[in-house]
Amino acid sequence: MSPARAQPVVRVRNLTRRFTLKGVLNGVDLDIRKGEFVALLGRSGCGKSTLLRALAHLDHEATGEGEIVVPARLSVVFQDARLLPWKRVLDNVILGLDGVDAKARGRQALAEVELPGREASWPYELSGGEQQRVALARSLVREPELLLADEPFGALDALTRIRMHVLLKRLSAVHNPAVLLVTHDVDEAIELADRVVVMDQGRIAADIPVDLPAQGPERSVRFTQLRRQLLGRLGVEDSLAHPDPAIA
Amino acid sequence: MSPARAQPVVRVRNLTRRFTLKGVLNGVDLDIRKGEFVALLGRSGCGKSTLLRALAHLDHEATGEGEIVVPARLSVVFQDARLLPWKRVLDNVILGLDGVDAKARGRQALAEVELPGREASWPYELSGGEQQRVALARSLVREPELLLADEPFGALDALTRIRMHVLLKRLSAVHNPAVLLVTHDVDEAIELADRVVVMDQGRIAADIPVDLPAQGPERSVRFTQLRRQLLGRLGVEDSLAHPDPAIA
Amino acid sequence: MNAQSRTALATALELPRGVREPLELPAAASKPAPARRRLGIPAADPLGWLLGPALLVLVWTVGSMTGVIDARILPAPWVTVSTAIDLLREGRLQANLLISAWRAAQGLAFGVAAGVIVALIAGLSLSGGYVFDGLVQVKRSIPTLALIPLVILWFGIGETMKVTVIAISVFIPIYLNTHTALRGIETRYVELAETLGLSRWAFIRQVVLPGALPGFLLGLRFAVMAAWLALVVVEQLNATSGIGYMINLARTYAQSDVIVVGLVVYALLGLSSDLAVRTLEARTLTWRRTFAK
Amino acid sequence: MNAQSRTALATALELPRGVREPLELPAAASKPAPARRRLGIPAADPLGWLLGPALLVLVWTVGSMTGVIDARILPAPWVTVSTAIDLLREGRLQANLLISAWRAAQGLAFGVAAGVIVALIAGLSLSGGYVFDGLVQVKRSIPTLALIPLVILWFGIGETMKVTVIAISVFIPIYLNTHTALRGIETRYVELAETLGLSRWAFIRQVVLPGALPGFLLGLRFAVMAAWLALVVVEQLNATSGIGYMINLARTYAQSDVIVVGLVVYALLGLSSDLAVRTLEARTLTWRRTFAK
Amino acid sequence: ATHEPAAKAAALEAGQLALDAPLPTRVPPGVTLAIGDPTTEQVLKHTGWIKDLPFQVKWAEITGGPAVTEAFHAGALDVGTVANIPPIHAIWVGMPVKMIAVRFRQDPADYPSFQLAISPKARINSLKDLRGKRIAYSPGQVQGEIVQRVLQSQGLTAKDVTLIELPSPTADVYVNALAGGQIDVAPIGSGAALKRYLDRFGTDGAKVLKSGVRDDFVTMYVREETLKDPGKAAALAAYVKVWGRAQAWINSHPDEWAQVYYVGDQGLSPEDARYVVQTNGKAELPRDWTEAIARQQGSVDLMAEATGRKPFDAHRLFDRRFETLSADAFAEAEGGPKLASR
Ligand SMILES: Nc1ncnc2c1ncn2[C@@H]1O[C@H](COP(=O)(O)OP(=O)(O)OP(=O)(O)O)[C@@H](O)[C@H]1O
Ligand SMILES: Nc1ncnc2c1ncn2[C@@H]1O[C@H](COP(=O)(O)OP(=O)(O)OP(=O)(O)O)[C@@H](O)[C@H]1O
Ligand SMILES: [Mg+2]
Ligand SMILES: [Mg+2]
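Chains as they are written, first to last, in our numbering: chain Y, 1 to 248; chain X, 249 to 496; chain C, 497 to 789; chain G, 790 to 1082; chain V, 1083 to 1424.
If you are wondering where the hints come from, they were derived from the structure by calculation, not from laboratory data. Beta carbons: idealized from backbone N, C-alpha and C, even for Gly. Worth double-checking, as some hints may not be accurate.
As the list claims (entries may be wrong) - Here are some chain V residues pointing at chain G (derived, C-beta under 8 Å):
1. His-1171
2. Ile-1173
3. Asp-1242
4. Thr-1244
5. Val-1300
6. Ala-1316
Said to hold, decoys possible - Which residues of chain V face chain G? A partial, calculated answer using Cβ under 10 Å:
7. Thr-1151
8. Met-1177
9. Pro-1190
10. Ala-1191
11. Gly-1222
12. Glu-1338
13. Val-1342
14. Val-1345
15. Gly-1417
Said to hold, decoys possible - Quick list of in silico lysine-lysine cross-link-like pairs, DSSO-like style, CA-CA up to 27 Å:
16. G:Lys-928 - C:Lys-635
17. X:Lys-351 - Y:Lys-22
18. V:Lys-1140 - V:Lys-1203
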């Protein structure tokens, strides 16, 4: 979790992208260092997925310019699970991997996302959250240098979500990838990230390091502060911020 | 929001469903009265979508038995947005509606989900959250007697989500439909529902009325209690329940 | 109280509608709405498609019995059966069929292989598309009969020529369907393959081929039929055997009973080879969730 | 430091790879990895498919000039052109073409209409499927040539017969492609239509027809070609005009120069009508995001 | 062995045989002929004479003018057996050919190859009633020529009747068109098809009229290129002799022939087969081709007028070095030399 003070592995400068007439990214600058975990927040439709797709060299449809430097070994968790419908679950996970141990690694990854024994299922036989976890397993199993994840936990219940957080943290610590995680859950962002970035108007509107004390009551205070700050950035006023007035 | 003490409009008795060998629903009993708002919680893969599909008479693939009574005019928000790719956004919203005012109503619904001016977009031109909102608009515009919504807010940011909550509450108050809402967000469930139902092992494991005082500090206390109770039901222990220790 | 719809589901949900529910709910039952209309259709009986041909045979039989169908032009079914038995007893039918089937099988094999390979080349690269796509259009717009002189020139009048002509007829639908199907693979999956860093060959094997399989299989249904039908043309040329030759010969002598036997054999061949492809379809496309399987 | 991939994107992202980036990043540039491989292919040049036919003409010309191609079998391009000019001057080519085009258009219209309607009936109802599906298989497995005697009996030898035979040839690919496409519509969308309470007619109009459109259009590409090709068969029968008649007559008289003109005309007709269908495809399928449009 | 048009033509230049040089009598080893003559093939196989041929044969089931022309073009065939029209067209499309054998029928008036089948619905009792009727016409085929000659014989022109262009690669098209009343008259080959037509529709009033036109001209022809090959020329000379013998054998073994070819090979019933053999009449091979040339000249002129081509001297179609070869072999087999020319 401790980002090396090295050259950034992701370097984005003045990135612009537009669809036909509509400008979506209007000059995004972003650096991510090796091992750094960055969460990306922003309104629905603000251009988060567009940015991720640009980083993955997938925006063949958009026009635009700017500079992008990313590691060659990157891996994307798409906003939709995007499993190949004609491959069984395990084959989806190990797609494109070769080597004798691919199957074993795929099986282990499936077990880690709590889907042991579902190797031979077809994608259509999975629930929404199960599909999402298979997609996560597919990304994690290839130990990327850069993980781009577009709301990978959106369809998960509270407990499963927590387990996935633990998994992601553990794997991050081992393989030390740079991570850019899109999420709508502010708590999740604070909990997981080293830095939270908020997009607005096609730009990075805020770039806030998560400096939580390790433990104790200070941690909780800082957490609440950070949450309030981020929600404010997202346009949610204190009074609306949480249905539970105890927190507001 | 005040459920009439009438005959339930949804009546499910001893519903069982299995896929090939796997039993998913093992005797579900559920009543929903007219105007009642029920939230459905449960682990990923526990059978929530299966139950919704059974209520909508869509489970042609599963086998099973049991009794189902539902109103004829029901409307489903699927877990995937499920927009027809060959129809523009407005046409997707008013699909199957006729009458001269269909277009106007569709346009209004789009404005209500904060997508004014996107009538002529193709579904592929929408972001994930935008697609989800179009699907929501499509369900709301037909003023159903029963609304079955499968995680309709999963891909929305905090602010948009709050606005959608407000919208749903307002429309519910006007048209008084029965609502069954699947969500993974416990706070959302408490905030919106009259009753929260938790599924486990293919059964309704808990059926908890949301009896929040209207205002004041009692409300916040009861809110926290309810959340703890529900999270407990979902297997999340207090210490894990929230990344923010202030709440635990 | 609103209109209500009720269904009680027996073990098999595909039970015919209108089956009585085991449980009664008096209050709700007072105003039962019709069960939600099912727009999708239930799984078809695997032998249901026999109904159409059976009806055809029925019409033919009744028409022949009542004399509505002129037996001099279309011999009655029983005449056809007895002619067929005669032909079988003489051994002519089997022998011809065997030879034709061997020709068709060879042509099919070469045509399918060429069709898939060229479709891949033309579908997966811009320049391949430029070179082949127009050429295939030119080829398929030229009547096979008019090509025969050139084919004879290049491949002689022996078996090579016959197998080549069949292969060419097979090539077109395989190419066109496979090519269209693979160009129709959703971008989502192509993007996925790109981010997973799939090699071109892995991309073809894991994404393109399975994704284009439904289209290929439809092409195969056309192709199998094309192979049989091409026999009628090629077996006019320097053939002394084969089912196409048999029909052509019978036409020369206006032997309508033999012609009809030939046509019935064709129909049976067509139905059974189509059935074979469809079975293959059902086996290989289990992953598809579509309107009707 | 890891391998890095860099791309600087000019206004059009489809710029050829290898274009120099405007910004330099010295540290990162020291170890640039190849840009992520793009498996999808960029949009094709709309005239690119002309390359194949152009190559063909080139081979033909060079072959004829060097004498590799025997002029008695395949007359040289310039001979073909001058023959075509002669035919045009005599007015024969235009007249034949016009008559043929009118026949093809009529047959196409009837065949497409019948194909779509029967595909809907057979595709959307179990019993319709039972009745029609097998029948269509029977029909398509029987060689048209062998059916001609029966067709003559039922439809005479006039224009009706000709249009009917063309319509039948057109019917098969339209039916088969549309039927397969509509049965291949994803269950998701059928379910959606069910929950929205769409009427059967609205379901057909809003879900089935647009969903089956890609398949139908492929069928149309086959059908248009089938209409032209059927001319060669029907214009043998009681015709004194038409492009098929012209080719047939030239064949009996072994006039290879006229035959080749006919074939070239066929190739041009095929290419241009196929182009028309593809343009229609591009217009109506804007909503599709596929591997290559 | 005959699949090398251009290359072979060039190679031949050296050792070529002039078209007026005497035919070599010895067939060198290794000569192969591709012959499209299924009936003779059957006779030779049945009689075992096939083993005595002094050259290799590749039999081809290729009949009919267009198919033979295509196979000639492709160099896939050396010998074609057709009626008299296709060689004329071959000349016109620039492929020089020569006839190397000619076959007529004895009593051609009684044993016509083609007869005019009359639809049950047409009121036609004699050739005089043809005016204004719908007649099936297939340009380029011998059936077409017959129709034109019949009209000529009745003092009619194409304008006096309705010619319906309907090629008949197979008899069933004409039979059904007649039965359905789509056409009134069609020339159908005497034999099984005609018998079948009468059997089936005779009760409805279907009739058959003799055309009165001679249509018994059958010829064996080859490309000049083939004749320039001394080996092949020698083989051809040998073949026409065997062919003559085979014609005589057919004449003298009608029942055996019916059984061997029409029943055994073509799948007709014995009854039909006998009928066909009977209506085929007896072959006659003229020892003098003067008459054949005159008749052929008539055909050339007629076709030239019909198709707008340039007429030519029919003599160039005949290779008279072969004139007596087949006829002598035929006559010998028939039992002693008898002059068959009239
Ligand atoms: N192919 C496209 N053509 C036109 N507009 C597009 C296209 N793709 C995306 N857009 C538009 O660009 C904007 C940004 O989309 P993007 O998917 O990046 O949003 P997002 O931040 O990921 O939102 P969400 O949180 O809802 O997924 C949206 O307004 C969307 O409508
Ligand atoms: N068509 C199917 N065939 C076989 N198994 C299926 C099928 N559909 C669903 N299942 C299984 O049934 C179980 C319940 O699925 P369901 O979609 O109802 O879960 P869910 O509660 O909606 O989960 P989530 O919150 O992840 O969407 C899952 O374990 C799933 O794998
Ligand atoms: Mg997004
Ligand atoms: Mg679900």
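Results for each hint:
no. : hint                    : verdict
1   : His-1171                : holds (6 Å)
2   : Ile-1173                : violated (10 Å)
3   : Asp-1242                : violated (17 Å)
4   : Thr-1244                : violated (10 Å)
5   : Val-1300                : violated (19 Å)
6   : Ala-1316                : violated (26 Å)
7   : Thr-1151                : holds (5 Å)
8   : Met-1177                : holds (7 Å)
9   : Pro-1190                : violated (25 Å)
10  : Ala-1191                : violated (28 Å)
11  : Gly-1222                : holds (3 Å)
12  : Glu-1338                : violated (33 Å)
13  : Val-1342                : violated (28 Å)
14  : Val-1345                : violated (24 Å)
15  : Gly-1417                : violated (41 Å)
16  : G:Lys-928 - C:Lys-635   : holds (25 Å)
17  : X:Lys-351 - Y:Lys-22    : holds (25 Å)
18  : V:Lys-1140 - V:Lys-1203 : violated (47 Å)
Checked against the numbered hints given earlier, this structure breaks hints 2, 3, 4, 5, 6, 9, 10, 12, 13, 14, 15, 18; the rest are met.
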